[in-house]
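**Student:** Sequence:
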Amino acid sequence: MLIYRVEDITMSKPKSSNHQLDDMHRIPASFTKDMMEWLDKVARDAKFSGGASLRITQILRALVKAGMKLDVDVSGVKDEEELLDRIIAAIQKKGKKKR
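So in my numbering, the last one in the sequence shown is 171, and the numbering has no gaps at all.
Errors might be hidden in some of the hints.
[Unchecked claim] Restricting the straight-line Cα-Cα distance to at most 27 Å, the calculated cross-link-like pairs of lysine-lysine (DSS-like) are:
hint, residue 1, residue 2
1, LYS165, LYS137
2, LYS105, LYS119
3, LYS137, LYS105
4, LYS170, LYS141
5, LYS113, LYS137
6, LYS150, LYS113
7, LYS150, LYS166
8, LYS113, LYS141
9, LYS119, LYS165
10, LYS166, LYS141
11, LYS137, LYS166
12, LYS119, LYS169
13, LYS141, LYS119
14, LYS168, LYS141
15, LYS119, LYS137
16, LYS105, LYS150
17, LYS137, LYS150
18, LYS141, LYS165
19, LYS119, LYS168
20, LYS150, LYS165
If you're looking for bench data, these hints aren't it; they were derived computationally from the structure.
Could you put together the complete structure from these sequences and hints?
**Tutor:** Here is the structure:
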């Protein structure tokens, strides 16, 4: 399995942003080839559908911000798959509240 690290991706300053670069923390993160292809697809789809050219770091920050708005029960979580299940459950729960 091929794994990519965030450090392998060229990162530059965001063109417009509501956060200070001094407040940013760089973290190492590893991604499978499928994950990288999905991130690239999101960036391409945004650009070629009339939107802005998004950087992978912008997409990842948006995903983290979305996760921060969820009430995820992480008590007793043992692994990444269980955490994923809990995140999906929190999204579904939030969706039901809006109806």
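**Student:** Could you tell me which of the numbered hints above are not met by this structure, giving the numbers in increasing order?
**Tutor:** 6, 9, 12 and 19
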